[in-house]
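Colleague: For the protein sequence lines, the chains are Y and P, in the order given.
If you use the numbering used here, the first sequence corresponds to residues -2 to 149, in order.
If you use the numbering used here, the second sequence corresponds to residues 14 to 234, in order.
Just so you know, the hints here were simulated from the structure itself, not pulled from any lab data.
Treat the hints loosely; a few may be bogus.
[Stated by the list, open to error] DSS-like mimics (lysine-lysine), calculated; alpha carbons at most 25 Å apart, straight line:
id, chain 1, residue 1, chain 2, residue 2
1, Y, K124, Y, K5
2, Y, K89, P, K158
3, Y, K124, P, K158
4, P, K96, P, K67
5, Y, K89, Y, K125
6, P, K96, P, K116
[To be verified] Just a sample of chain Y residues kept apart from chain P, beta carbon distances all over 12 Å, derived:
id, residue
7, F8
8, E58
9, K124
[Unchecked claim] Footprint (simulated), chain P over chain Y, 3 or more residues, beta carbon under 8 Å:
id, stretch
10, 16 to 29
11, 36 to 42
12, 75 to 81
Since this is a predicted model, take the numbers as computed values, not measurements.
C-beta atoms are modelled at their ideal positions from N, C-alpha and C, and glycine is treated no differently.
What follows is each chain in one-letter form.
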Amino acid sequence: MERNQMHKHIFLMRQSFFDQGLLDDQFIQLEELQDDANPNFVEEVVTLYYRDSSRTILNIEQSLEKNPLDFNKLDNYMHQFKGSSTSIGAKKVKAECTQFREYCRAGNGEGCMRTFQQLKKEYAILKKKLETYFQQTRQAGPSETACRPRMN
Amino acid sequence: MSITGQVLRRNLPENVEVFDDSPSGSLELHVLAVDDSVVDRMVIERLLKISSCKVTTVESGTRALQYLGLDGEKGPVGFDGLKVNLIMTDYSMPGMTGYELLKKIKGSSVLREIPVVIMSSENVLARIDRCLEEGAEEFLLKPVKLSDVRRLKDFITRGEGKDSGERINHKRKREDDYASSSSPSSPSSSVLSASSSSSSASSSLSSSARLSKRAKLRNKD
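The shape of chain Y in the complex, shown without the other chains (with noise of 0.2 Å):
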């Protein structure tokens, strides 16, 4: 009975990502992608993305540093950024980069000042919430379901 609960849990908690529009279907596109042979692949893009990013975070920050604020090296950062949060659905971190392009486009540093601490807030709160839903859908192990309700 424990086990059915940790996994109504998950799926719970899953469910509120798409609720909540932190993920979109691209994240369900990835899981689609994993098989037995490759059950951990999306946890595996995850983590990669976040190793990846942390660098253009870092770019991105110190650009923000420099006056003036060079916005041509800012978007290019961003649209890198923008490119493999796209690519494992992470809707509101997306966002918050299209808007930081615009601000980019329209010259202006406030703007996207104001952006990127929104963006560093969504972008580390879905960091939490996919490590925790991870280690939780391994602790619970297989469910007798298929692993993937097909929910949108």
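Add chain P to chain Y, keeping to what the hints say.
Modeller: Positioned in the frame of chain Y, the structure of chain P alone reads:
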């Protein structure tokens, strides 16, 4: 008509061999994927492997050309000896863009026969047109989906086998070429739509489908 490695070798020039007779006996496409994003390389590799393709990933156009042996004019045989049947490249990359890579490949007598697909996160019509005009087989919007890869694989494996001579050279097709070309009738209107996954895998990409694909991309959001 059964498509075997033997038949293809007779009908097509040496460097357009579609099926690689691997030791296991299975016929698999070998795809070279080019993308500067490590996350995207991981995803595309998985998409391709799940679709039973052999995959080699590289991080830049320069590396891609090195792998293809363009410098030494050895032909599309990678360093590990496997012929490349399809190249999928990201458009926006530092250094050499996907477009520049495409031009280099289509400009090479030994490599031009390899189909090239461009992937991009940005739906820019001028960019799409430019790539198609330069000879790209397809322009996929990122994030690339499993349905995109499956459709692509179908197109590459069927198209090359059936009408071998017909669609290999796409370079510089002008508008009047589209009007006059007679391609096999293809009832499906959304052959290779870049966004939604269409389940019908038509055997050939007719030029009208390519135009309708442009219209589809134009209408997208």
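Colleague: What hint numbers does the structure not satisfy?
Modeller: none
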